[in-house]
Each structure stands twice: as structure tokens, then as C-alpha cells.
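A.B. asks: If you want the building blocks of each chain, they are given just below.
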Amino acid sequence: MNVGLEHYLVVSAVLFALGLLGVLVRRNLLVIYMSLELMLNAANLALVAFSRFNNNLDGQVFVFFIITVAAAEVAVGLALIVALYRKHQTAHVEDLTLMKD
Amino acid sequence: MYALPWIILFLPLAAAVGIALFTRPNRNASAALSIGAVLGGFLLAVIFVGWAGWDPVVRESSTTWLEVGDFKVEFGLRLDPLSLLMLLIVTGVASAIHVYSLGYMREDRGWSRFFACLSLFTFSMLGIVLANNFIQLFIFWELVGVSSYLLIGHWFERPAAADAGKKAFITNRLGDFGFLLGILIVWQIFGSLNFGVLRGLSPADSARWTSLATVGGLLIFCGAMGKSAQFPLHVWLPDAMEGPTPVSALIHAATMVAAGVYMLCRVYFLLNIPGSHALTVIAWIGGITAALSAVIAVQQNDIKRILAYSTLSQLGYMVMGVGLGGPPKAMFHLTTHAFFKALLFLGAGSVIVALHHEQDIWKMGGLRKKMPVTFWTFAAGTLALAGIWPLSGFFSKDGILARAAETNVPLFLLGLAVAALTAFYMLRLVLVVFQGDAKSETAGHAVESPPVMLWPLRVLACFSVIGGMIGLEAIYERQFDPASEYGLSFGDQLILPFSQAPIAALLGLLAAAVGFAGAFLLYAKASRDPLPEKLGPLARWMRNRFYFDEIYQATFIRFHDALASIAAWLDRVGALGIRGIHGTTEITGRALRLLQNGNVQTYAFLFGLGVVVLLWWTLR
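For the record, the sequence lines run as chains A and B. For reference, each letter of the first sequence is one residue, going 1 to 101 in the numbering used here. For reference, each letter of the second sequence is one residue, going 1 to 620 in the numbering used here.
Hints are supplied without guarantee of correctness; some may be wrong.
To be verified - Here are the computed distance ranges between Cβ atoms for each label pair:
| hint | chain 1 | residue 1 | chain 2 | residue 2 | range |
| --- | --- | --- | --- | --- | --- |
| 1 | A | N56 | B | F607 | 37 to 47 Å |
| 2 | A | A72 | B | G583 | 22 to 32 Å |
| 3 | B | G583 | A | N56 | 56 to 66 Å |
| 4 | B | F605 | A | L84 | 17 to 27 Å |
| 5 | B | F605 | A | H88 | 44 to 54 Å |
| 6 | B | A575 | A | R27 | 43 to 53 Å |
| 7 | A | K87 | B | H582 | 37 to 47 Å |
As the list claims (entries may be wrong) - Partial pick of chain B residues on the chain A-facing surface, computed with a CB cut under 7 Å:
| hint | residue |
| --- | --- |
| 8 | G191 |
| 9 | V600 |
| 10 | Q601 |
| 11 | T602 |
| 12 | A604 |
| 13 | F605 |
Source of the hints: derived by calculation from the structure; they are not laboratory data. Note that the coordinates shown come from a computational prediction; the quantities given were computed from them, not determined experimentally. A virtual CB, placed ideally from N, CA and C, is assigned to each residue, including glycine.
Generate the whole structure from the sequences, applying the supplied hints.
C.D. replies: Structure below.
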């Protein structure tokens with residue numbers, strides 16, 4: 001079987017959808033965070049696939065940057081989650097609705 | 001030098017603002033500001049007149065206030081003999097009355113408010129006098145109405161005073177509505193509202209006016225009808241006596257009510273146009289007002305109301321003078337009237353204070369010995385008002401009567417009758433109040449008022465006596481006819497009425513003498529009014545002011561109430577739609593609030609949904 005651009009994109013879309021689903025339905029902040037990473041990597045996959053099939057390195061460069069920024073973002077995000085947990089003794093989103101009022 | 005009139009105009013306003021903002025708790029400072037402003041204005045006016053003289057040269061000093069298309073509103077001062085003399089009279093009489101108020105109002109809690117309003121009034125009145133165009137005149141016209149309202153309602157905790165203020169304001173508004181329409185017609189036809197421009201129009205220009213001349217002239221007269229309380233809008237003036245007596249003297253006798261007459265003289269050239277019948281109507285309305293109110297005054301028992309009806313009657317004279325084509329005579333009578341009517345009101349105020357605010361003349365009596373200064377000044381005012389030679393009232397009243405004798409004999413006879421009635425009710429007042437025995441406990445213990453109230457009386461009495469022979473009339477004559485002769489000798493002026501129109505002068509004196517004789521026969525020894533028995537039902541009609549208030553209540557006010565209730569009903573029905581709008585908004589708001597639950601995942605879901613919708617929208 002010849003693997004083409006479409007296959008990569010379908011995988012990427014499935015990954016993105018799984019990530020979005022995770023963000024929407026899971027209750028634990030850590031899991032939501034992991035789902036977010038999944039969505040980022042789905043985007044990375046699509047970019048790399050486009051780069052490979054269009055003979056253009058721009059996409060690859062882009063992905064490098066995303067990985068770097070994502071690493072920084074994870075550091076900040078995890079720190080926030082830890083701080084939240086220390087304050088409220090919970091990491092469940094349905095308990096964290098202080099912004100309502 | 002041209003800055004002086006501006007300073008004179010704005011000094012009282014500055015005093016009013018200063019009192020309202022800074023010196024309200026401090027009685028002395030408030031009074032000092034107010035009196036200082038008006039006295040300073042008077043002195044500056046004297047200086048300016050000394051510099052400018054009485055030449056009928058028109059000086060104008062104005063700036064453009066706003067400009068819309070070809071419609072330009074100026075704010076300016078018109079300085080000619082007419083306005084300069086009025087400037088002196090207004091500031092002079094107002095000074096006397098301000099000083100008098102120091103005594104009259106000394107126990108009043110609203111002291112600072114009173115002086116602030118008095119200053120505001122002086123400012124507005126000066127604005128009317130100096131205005132050089134209709135718009136400015138109208139603005140100050142309304143300001144005068146407002147300050148009059150404030151001052152009539154000074155003792156607003158008394159319902160009668162509050163109602164009287166409202167009545168005066170609303171009645172004036174009726175007249176002002178016509179006045180505004182008249183101004184609009186003038187602008188429509190001539191394209192300018194500046195008095196100088198309007199006056200300079202050639203006869204060919206005023207031909208454009210003729211089709212509307214009568215209507216336009218009468219609409220402008222409507223303003224004067226309200227402000228000068230002419231029949232049928234005269235009902236507010238007697239009620240305005242609810243205000244403090246200095247206010248009655250300043251506003252409702254000497255200055256504000258004269259503004260209508262002044263305005264008519266100012267725009268006389270718009271009324272005096274061939275083909276216009278406005279002047280005839282004006283003359284008759286003046287005559288009717290004069291006669292009607294003189295008759296009513298005969299049977300009033302409140303000292304201030306008698307003077308109020310007397311004021312109405314004299315205003316009727318002035319309006320009649322304008323209508324008969326003699327604006328200088330009308331202005332002359334306005335001037336002398338300002339002196340002696342202010343004097344009479346202040347004298348009445350002195351009596352009222354001495355009797356602890358008793359105003360019924362049948363509870364006074366015997367005050368001649370107890371209050372000599374008040375009595376003698378009051379007597380001078382009475383003689384002047386009745387038109388006894390050589391006091392001021394004689395000359396001015398005779399001018400109007402002589403004019404009537406030349407042009408309109410029925411009005412001349414009416415005027416004579418009014419002169420007789422005037423002498424009658426004034427002597428009745430003097431005899432009942434000052435002669436005989438004290439008719440009540442308080443009258444027996446009356447004492448003379450303090451000097452601060454007596455000096456204004458003395459000053460005004462001097463002017464009431466000599467006002468007719470110091471050449472005031474010549475100044476007005478030259479305003480309207482620059483070619484008229486000037487500088488008659490003192491002696492010539494004294495006998496001028498007899499040499500010019502002997503019949504009118506002698507008949508006028510005779511009428512006054514008849515009135516005096518009648519009053520003396522009836523009231524010299526009376527302790528009770530003998531007239532009601534002699535006149536029967538007529539006296540009751542006179543005492544009840546011919547039921548004008550009741551007639552208006554039954555017709556106009558009833559009709560207006562009906563209109564108002566229809567409007568109220570429409571409001572309630574129309575409000576249904578408004579309630580619908582309000583309900584929809586509230587329900588939508590409640591529904592939308594459900595979405596904001598604070599859960600991040602809901603937001604993320606809606607956000608995702610939004611992206612999907614957008615993508616679907618753009619890629620479809």
C-alpha cells in the first residue's frame with residue numbers, strides 16, 4: 001500500500017479529535033493538560049507531513065519551534081497546576097469555578 | 001468706556017453666583033455683595049451717562065454668540081437714551097429697595113437666598129434693558145420670569161406663596177408663547193432680529209410686513225401682555241403679592257412689569273406701520289385693563305392688593321399710551337410710576353412690619369402720629385399717583401391723557417374715569433390706614449420702622465415729587481423724535497401741560513379732585529366700609545375681582561385638565577410596549593446567565609463549537 005499525504009492527515013485529525021475530546025470530557029487537570037499536548041502534536045504531525053510532501057522545510061522548522069515553546073509552556077502549566085492543588089486540595093475542573101461570580 | 005455697561009450688567013450676576021457658592025451661611029457678606037453690586041452698578045451707570053450724555057446717538061457693543069447658516073445670534077448692548085435712562089432707573093430703584101430689604105427681611109431665615117435672587121433679578125432686568133436683539137431680549141425676558149418665580153415663592157412653605165409663584169410663571173408663559181411666535185415671524189420676514197437693523201429698514205422693506213403686520217404686532221404684544229399683566233392675563237399680578245414686600249415693590253411695581261411696556265417702546269417701529277391695526281387693539285386693551293383694575297381696587301381690603309390693582313391700572317395707562325402712538329409718554333409714566341409705586345409699596349411694607357404682618361386695612365388706623373415718616377412719604381406717593389400738580393404723576397398721566405384727547409375720545413373719557421377712581425381708592429387707603437382710631441390691638445402699639453427702611457422711602461419720595469420736572473420726558477421725546485426741542489426751562493416745564501393741552505390737564509385735575517372728595521366724604525370717619533351697602537351686588541363682584549379666577553378655573557383649567565388626563569391615559573397604554581421591551585431583555589439575560597457557569601470545559605466546548613460553526617460558514 002502506498003502511504004500518501006491523506007493518510008498522515010487522517011491520523012493527525014484523529015489525534016486532534018481525541019485530544020479535543022479529552023479536553024472536553026476529562027475532569028482531571030493533568031489529563032486535560034496531556035490531551036492539550038496531544039492536540040499540539042497532532043498539529044505537528046500535519047505540519048511535518050505537509051513539509052515532506054511539498055519539499056519545503058518551513059514546516060519542519062515550525063515544528064521545532066512548537067516543541068521548544070511547548071516545553072516551556074509545560075513547565076509554566078505544571079507549576080500552575082501544582083500551585084492550584086496546593087491552594088484548593090483538588091485538581092478537578094468542576095471544583096474550580098471561582099470565575100463564575 | 002464701553003466696558004462699563006458690560007460691568008454694570010454682570011456685577012449683579014457675579015454677586016448672585018458669589019452668594020450662592022460662597023457666602024450663603026454668612027448673612028452680612030451676602031447682603032454686602034448684593035447691595036454692593038447694585039449700588040456699584042448705579043454709580044457706574046451715572047458715570048457712563050455723564051460721559052455719554054443724552055444725545056440720541058445709538059452706540060452698540062456686541063459679539064456674535066452663535067451662527068447657524070445665515071441665522072446669527074448676537075449678544076450685545078444697545079445704548080441709546082431709552083436704554084440708558086432705564087439703566088439708571090432700574091439700578092437706582094433697585095438700590096433703594098436692596099437697602100430697604102436689610103430692614104424688612106432682617107428676621108428671615110432665607111436671607112442669603114433672598115439677596116441672591118434679588119441680584120439675579122437685577123441682572124436679568126438689566127439684560128432686557130440693554131439687549132440689542134430679540135433673541136437676547138427673550139432670554140433675559142425668561143430669566144426675569146424665573147427670578148420673579150423664585151422671589152414670589154420666597155416663603156415657599158406657605159402653599160399660597162408657592163401657588164402664586166407657579167401661577168405667575170405659567171401665566172407669563174402663555175404670553176411668552178405668543179411673543180416667541182411674533183419673533184419668529186419677524187425673523188421670517190426681515191431675516192434679522194437686531195433692533196438697529198430692523199429700525200433701519202426702509203418703508204419699502206416694511207411693505208413686506210404689511211400682510212402680517214397686525215398679527216405679528218399683536219403676537220409681540222402677547223409678550224407684553226403677560227409680563228405687564230394686561231387683561232386677560234392680568235390675574236397673576238395680584239396673587240404675586242404673596243412675595244415679600246420689597247419684591248412686590250421692585251418686581252411687581254417698578255421694573256419687571258414695566259418690561260412689557262419698555263419692550264413695546266423698543267420695537268415701536270414694528271408696531272407703527274401703516275395698515276396695521278395692532279396699535280388700536282393695544283390701546284383698547286390698555287384702557288380696559290386700566291378701568292377694570294381701578295374698579296376692582298376700590299373694594300379690596302388687603303393693603304398690598306390695593307396697590308397691586310393700582311399697578312395694573314397704571315400699566316394699563318402706559319400700554320394705552322403706547323397704543324395711542326405716544327411711546328415717550330408711556331415711558332415717562334413708566335419712570336414716574338417706578339418712583340412713586342416703589343415708594344408706596346415700601347411704605348406699605350413699613351406699615352406691615354410695624355403691625356407684625358397684618359395686611360388688612362380695616363385692622364389698621366391711626367398710624368399718622370405713630371409713623372410720621374412713613375405717613376408723609378406715603379402721602380407724597382399717593383398725591384403723585386393721583387396726579388396732583390406739580391408732583392411727578394401729574395405730568396406723566398397728563399401726557400397720556402392729552403394724547404388720548406387728540407386721538408381717541410372714548411379712551412380719553414375712560415382715562416379720566418380711571419384717574420378719578422385712582423384718587424378715590426388711594427385716599428380711601430390713606431384715610432383708613434393712617435387716620436381715625438386704631439382699629440386693632442396691634443395697630444395701637446405700632447412704632448416707626450428703623451432708619452434703614454426710612455431712608456429709601458425719603459429718597460424715593462423726593463423723586464416722586466420732582467420726577468416730573470427734571471426733564472425726563474424730553475429725553476424720551478428725543479429718542480423717538482431726534483428733532484424735538486430740548487432744554488425747556490424749569491418754569492416752562494412746570495406749566496407745559498396747561499399751555500399745551502389745557503383741557504386734558506384741567507379735566508385730569510378735576511377728576512382727581514372728584515375722586516378725593518368722594519373718598520373723603522365716605523371714609524373720613526368710617527370704621528367699616530360703607531360702600532358694600534350702597535352698591536349691593538356690584539360691590540361683591542368688585543371684591544371678588546369680577547370672578548376672573550373662577551371663570552378661568554371653570555373653562556381653561558378644566559379643559560387643560562381633560563387634555564392632561566387623555567395624555568396620561570395614552571401614556572399608560574403606550575407604556576405596555578415599553579414594558580414588553582423591558583421583559584424581553586430580562587428573560588434573555590436570565591437565559592444567557594446559565595451559560596456562564598465558571599466551568600472551563602463548558603467554555604472550551606462552546607469555543608470549539610464556535611470554531612466549527614465558523615469553519616462550516618467559511619468552507620461551505
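A.B. asks: Enumerate the violated hints, using their earlier numbering and listing them in ascending order.
C.D. replies: 1, 2, 5, 8, 11
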